[in-house]
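Going down the list, the sequences are from chains A and B.
Per the working numbering, the first sequence starts with residue 1, numbered consecutively.
Per the working numbering, the second sequence starts with residue 1001, numbered consecutively.
These are computed hints drawn from the structure, not numbers from a lab.
Idealized CB from N, CA, C, for every residue including glycine.
Misleading hints may appear alongside valid ones.
Said to hold, decoys possible - Computed far set for chain B versus chain A, every beta-carbon distance over 10 angstroms:
1) Ala1088
2) Ile1121
3) Phe1135
4) Asp1138
5) Ala1150
6) Lys1156
7) Glu1213
8) Val1228
9) Trp1235
10) Met1250
11) Thr1274
12) Ile1275
13) Arg1283
14) Ala1294
To be verified - Pairwise CB distance ranges, derived in the manner of DEER restraints:
15) B/Trp1259 with A/Pro108: 46 to 56 angstroms
16) A/Ile354 with B/Leu1177: 49 to 59 angstroms
17) B/Tyr1153 with A/Arg237: 55 to 65 angstroms
18) A/Arg55 with B/Ala1106: 45 to 55 angstroms
19) B/Pro1107 with A/Ile321: 17 to 27 angstroms
20) A/Val20 with B/Ser1292: 32 to 42 angstroms
21) B/Ser1173 with A/Pro117: 18 to 28 angstroms
22) A/Met181 with B/Pro1107: 33 to 43 angstroms
23) A/Gly112 with B/Pro1107: 42 to 52 angstroms
24) A/Arg349 with B/Ser1173: 38 to 48 angstroms
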Amino acid sequence: MISLSPRKDIPLTLTLMTPVVAIALTLVIGAAIFGILGYDPLAALYQFFIAPVSRPDQIADLFVKACPLIIIASGLVFAYRANVWNIGAEGQMILGAMAAGFVALTWPNLPGPVMMPAMILAGMLGGLAWGMIPALLKTRFNTNEILVSLMLTYVAVLLIDWTVRGPWRDPMSFGFPLTPMYADAALISRVELPGVGRLGQLHWGVAGALIFALAAWFVLGRSILGFQVKVMGDAPRAGRFAGFSPALVTIIVMAISGGAAGLAGMVEVSANIGQLQPDISFGYGFTAIIVAFLARLNPLAVIIAGLVVALAELGGDSAQIALAMQKVVTGVFKGILLFMLLAGETFNRYHVTISLPYRARLRGDRMQADRMQGDSGA
Amino acid sequence: MLEDLILTVLMTSVPLVYAATGELIVERSGVLNLGVEGMMLMGAVAAFGIAMVSGSLVLGVIAGGLAGMLTAALFGILVLGFATNQVATGLALTIFGAGLSGLVGAPLIGHAIEGLPVLRIPLLSDLPTVGKLVFSHDLMAYGAVILVAAVAYFLKRTRAGLVLRAIGDNHDSAHALGYSVLGVRFMAVLFGGLMAGFGGAYLPLALTPHWAEGMTAGRGWIALALVVFASWMPWRVLVGALIFGGITIMQLAGQARGWTVPSQFLSMLPYLATIVVLVLISRNREFALANSPACLGRAFHAGK
């Protein structure tokens, strides 16, 4: 039996410890799963979490992997804070990549200073537009945004598949489902560190992601918009009395999270791929949900959470190569981590007592006896 | 030809009926489990694995149901025991189920099994047309109809069904009357998992006799939409599942007949149809929410 009683105040150390403990427990359970699967648990954990970051260029690649996760999760934080469940970031990311790709492929001769801003804008608008569908259907027809945004992800996957196999396919691609390569002005360049040169795949989009997370943190924590979002999530009734419009907040947070996902799609393609293809995302839109929760819906913490989750992703690759382990192990890890985080949230908010059933009954009886005694005394 | 088409439509709707009916009971008790997709995948992989190893399809079906139930138990402990956020926990369950089923199922890829046999009923199965359409299905397809009837009877005509609905509509009152809110909800969640597991099991055992990673392809989510479509009434689940089965098959039939529409657009149909249906149902608030459990998605803990 598990009994919960709400905590009066939540100590800061507990708040900070929760994700750490959740990660530690995930590692323990992960080691157990590796053991069951017949791998040496320590070697597997080493491959998963140490090997991928043992050189400076690998650490740079960790940031590259975390880049789309950080951008998307920074946007999702707004939606989840407002209790709007946008789980279609994957589709919004694809639409962002397509919109940016449309600009890059239609006007390949645009000069760099025009091309980049135009693509960024197009990417954000593409994701925003895709996010507006569930938002408007929710505010207008009261439909469930979870189901609509998810269904639209399946539609987006099919849509990009059709465009790169059909109208946008490069005639010179020998039948491969690929668009032409973007012009140089449409590509995000690698970072040249003074004295070091290029480090792994590190590109300027990573800097953009960090700035984006900072901006999200500022807007959420320091602006009236952020305040509205938080009030509508925590106390919708109070928000309505204050004159905030639930519909408007829904639309705004869907616009922010959709736009962020679209931006991530644009960055991912322009920095790492250079052309559109059927698979431009590898589930980043879904993984970012975990990042947002690991960060406890705080955009600054999203940066760290994005790096942690990206590490698990890279670890999956590394374990696959070194130990011939299935890549899907990463998915199991992500699921367990999310479970641990959610349970950790409960330990944060409540005093949790876990006891055997008969002892719980005993305590219940005693409480009842106390109460009766109190009644007779009064 | 047409008979075959209708037969495929019926088969396509079977897994949706199981998963959606299970979820309907879960939601009627006031719990929103968004992990249907994950539970179905676990059911599918367990069913295929056990059926392949043991050679027994019945054992496969049972294993599928149990796997779904076990996955649901994890959800139940977190959501009911630890009062975690139901939406987030359901998403986690889907991510977890997709990952674990892929991991467990990796060695099963590329193998094939003999699908569920048609259960022939003497005389009836030999009738022209009707015999083929109504009396020539496998055990699980008949089971789906029986399940809907049983759940409809349970909810409307039994005391336990009344208690379940009471808990879904007002958990505080039900608790005050002495009913175990969390106990009943846990049972409902387990039942939902069992049914999602059965629904998942039907995919590799009957529909496409092999295992592929993520083979549910969003059916778990469509099942969730079906519950809304059915406005929490069991018989309407059956109707909805048939409509979705029809739309899914329409795209295949369209491809076979050489429709000029690109195949990707035909494949979008079930997802787009889900959205359209959700809009049509949800826009009429009174109809949509008439049977909606008032406590849906709200956490309950006794120690207030």
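Structure-based check of all given hints:
1. Distance check for B/Ala1088 against chain A: the nearest CB is about 6 angstroms away, which does not clear 10 angstroms, and the non-interface claim fails.
2. Distance to chain A confirms B/Ile1121 as a non-interface residue, since its nearest Cβ pair spans about 38 angstroms, more than 10 angstroms.
3. Every Cβ of chain A is farther than 10 angstroms from the Cβ of B/Phe1135; the closest lies at roughly 35 angstroms, confirming the non-interface assignment.
4. In this structure B/Asp1138 is separated from chain A by more than 10 angstroms, as the shortest Cβ-Cβ distance comes to about 28 angstroms.
5. A cut-off of 10 angstroms between C-beta atoms confirms that B/Ala1150 is not in contact with chain A; the least separation is 27 angstroms.
6. Residue-level check passed: B/Lys1156 sits 25 angstroms from the nearest beta carbon of chain A, beyond 10 angstroms.
7. Some Cβ of chain A comes within 10 angstroms of the Cβ of B/Glu1213; the nearest lies about 7 angstroms off, and the non-interface call is violated.
8. Its closest Cβ contact with chain A, about 6 angstroms, brings B/Val1228 to no more than 10 angstroms, contrary to its assignment away from the interface.
9. Distance to chain A confirms B/Trp1235 as a non-interface residue, since its nearest Cβ pair spans about 21 angstroms, more than 10 angstroms.
10. Every CB of chain A is more than 10 angstroms from the CB of B/Met1250 (nearest about 16 angstroms), matching its label as outside the interface.
11. Taking the minimum C-beta to C-beta distance to chain A, about 5 angstroms, the non-interface status of B/Thr1274 is violated against the 10 angstroms cut.
12. Remark: the non-interface label on B/Ile1275 conflicts with the geometry, its nearest Cβ contact in chain A lying 5 angstroms away (cut-off 10 angstroms).
13. A beta-carbon of chain A comes within 10 angstroms of the beta-carbon of B/Arg1283; the shortest separation is about 4 angstroms.
14. At the 10 angstroms boundary, the C-beta of B/Ala1294 stays outside the reach of chain A, the nearest C-beta of that chain being 16 angstroms off.
15. As the Cβ distance of B/Trp1259 to A/Pro108 is approximately 34 angstroms, the hint placing it in 46 to 56 angstroms is violated.
16. Against the hinted window of 49 to 59 angstroms, the Cβ-Cβ separation of A/Ile354 and B/Leu1177 comes to about 27 angstroms, which falls outside the hint.
17. The hinted range of 55 to 65 angstroms is not satisfied by B/Tyr1153 and A/Arg237, whose Cβ atoms lie roughly 39 angstroms apart.
18. Checked against the given bound of 45 to 55 angstroms, the beta carbons of A/Arg55 and B/Ala1106, roughly 30 angstroms apart, lie outside it.
19. Against the hinted window of 17 to 27 angstroms, the Cβ-Cβ separation of B/Pro1107 and A/Ile321 comes to about 19 angstroms, which satisfies the hint.
20. A beta carbon spacing of about 40 angstroms between A/Val20 and B/Ser1292 agrees with the range 32 to 42 angstroms that was offered as a hint.
21. Look at B/Ser1173 against A/Pro117: about 58 angstroms separates their beta carbons, and that is not inside 18 to 28 angstroms.
22. Here the CB-CB span from A/Met181 to B/Pro1107 is close to 39 angstroms, well matched to the stated 33 to 43 angstroms.
23. The hinted window of 42 to 52 angstroms between A/Gly112 and B/Pro1107 holds, with their beta carbons roughly 50 angstroms apart.
24. One distance hint, 38 to 48 angstroms for the beta-carbon pair A/Arg349 and B/Ser1173, is violated here, with the actual separation near 25 angstroms.
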